[in-house]
Amino acid sequence: MRTLAIATAVTLLAGYALAFFYAPVEAEGFIQKIFYLHVPLAIVALVGFAAAAVYAIQHLRRDDPAYDAKSYVAIHMSVIFGTGALLTGALWAKGQWGVWWEWREPTLVSFLIIFLLYCTYYPLRYAIEDRDRQARYASVFAITAGAFVPLNFLAVRLAEPFIHPRTFSSAGGLPPEMLQAFLVCLLGMGLLWVTLVRFELEAKAASADIGRLRRALDPGYAEPAPPRRTVVPAGVSTAEGTPR
Amino acid sequence: MTSSRDACLALLGKDLRVELRTLRSLPAMALFAVTTFVIFRFGLDRTELEGGLAAGVLVATLLFAAMLAINRLFVAEHEQGGFELVRLSPVDRTVLFAAKASALFVYLAVLELVAVPIFALFFLESGAALAPLVPVLLLANLGIAVTGTLISTIATMSSARDLLAPLILLPLLIPLVIATANAAEPLLRAGGPEYDRFGTWLAVLGLYDLVFALVGYAVFDFLLED
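As they're listed, the protein sequences go chains L and Y.
Each residue of the first sequence is one higher than the one before, counting from 209 in the numbering used here.
Each residue of the second sequence is one higher than the one before, counting from 25 in the numbering used here.
No lab work stands behind these hints: they were computed from the structure.
Among the hints, a few may not be true.
Unchecked claim - Below, a sample of chain L positions facing chain Y; criterion: calculated Cβ distance under 10 angstroms:
1) Arg341
2) Tyr345
3) Leu359
C-beta: ideal position from N, C-alpha, C; glycine also.
Can you make the complete structure from the sequences, with help from the hints?
So this is what it looks like as structure tokens:
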């Protein structure tokens, strides 16, 4: 855990050092440096959504609440990263095109739609009280939304003219210094996602353990009133078996 | 032991008979659609529509009318124990998914039989676009039917039924809306129907339908487990 955190910090620092001091300043000017933040955030968020779908499949196949917890934390973290990607995207659009939002930009629009869909994951979990059912339905949602992501990119891209700085199709044309810096930034952002997901899972497991120990040591212990409904998956929960 | 096909047809027949006898969804959907056209007439302050605007009004109206049926789709099952009966029956539970999606597809088709001619009467110069609209709407109906059934099941089992279904379903249907509107836009142009990338958009709709039919088939079982 500690090694992972240190590796993340080192890779991120190295990536942004490369981005600022090694990669050349492009014709667009300094604003283009946001590319090293925006694009990795977006890619990592999308990969995170895909990972959540894979965890959800495993949850349904093995009926193990630990996978539901992983799926939940993966979506949670990817929504946070996605917020970052949308905000940096708006900043970049302002810098490059002079507007905060650009509807003709298919990648940004696709990303917004995906983000809106994943935001409904929280009300979905809140609306179902039964823990097992909540977990199963959340997994069904994660799988459905996972299938939705590529379809949505296809539909939005077909509908709009192409004005985005093409990250992938032009990656071969990217100066090697920029590509190297970008890849290190992407790796660092991926590691950051993994680290934060691990931290959140461990924090939830630890508070569940503390709750269990307290209950075991002190039968009269009343936990600080847990919410009647919660979106936190049972695999990491504290509210289970709470004395009333 | 009943075959899956018989069970599916029996469930579909039950739903259609109930709808014919009670008329709970269809008249409301048609009335809602016509009222929405009137609202668009004043909201946009236009008496004639063509191209993208016509396609947008039509798609948005049909989508919101569909929400009425989707919200009600599993109410009887939920309130009167139909889910338990399907769970107890010696049939694959996916038949309920197929039957409900088919019922929703039929509702949407009937709705369009009423609402689309009225739309043409209200806003279009000629009815020339109606025939080529048929395949577009059929493919769109299929997509709304499969995703609508899936999300309606989730929403019915939750404590926020009427809220959750549109909340999840609308973003999920955006690719379908994009494809339907883009296929319909050239058909509704002022000079008569054109077929700009018509095949591409039909293919996108077909792909959407296929993907979510497969996803629904794969995961529906887990929604009925108890």
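With a cut-off of 10 angstroms on the beta carbons, see whether arginine 341/L makes it to chain Y. Holds, because the Cβ-Cβ distance from arginine 341/L to chain Y comes to roughly 6 angstroms (cut-off 10 angstroms).
Any CB of chain Y closer than 10 angstroms to the CB of leucine 359/L? holds, 5 angstroms
Under 10 angstroms is the threshold here; is the Cβ of tyrosine 345/L close enough to any Cβ of chain Y for the hint to stand? holds, 5 angstroms
Violated hints for the displayed structure: none, as all numbered hints are satisfied.
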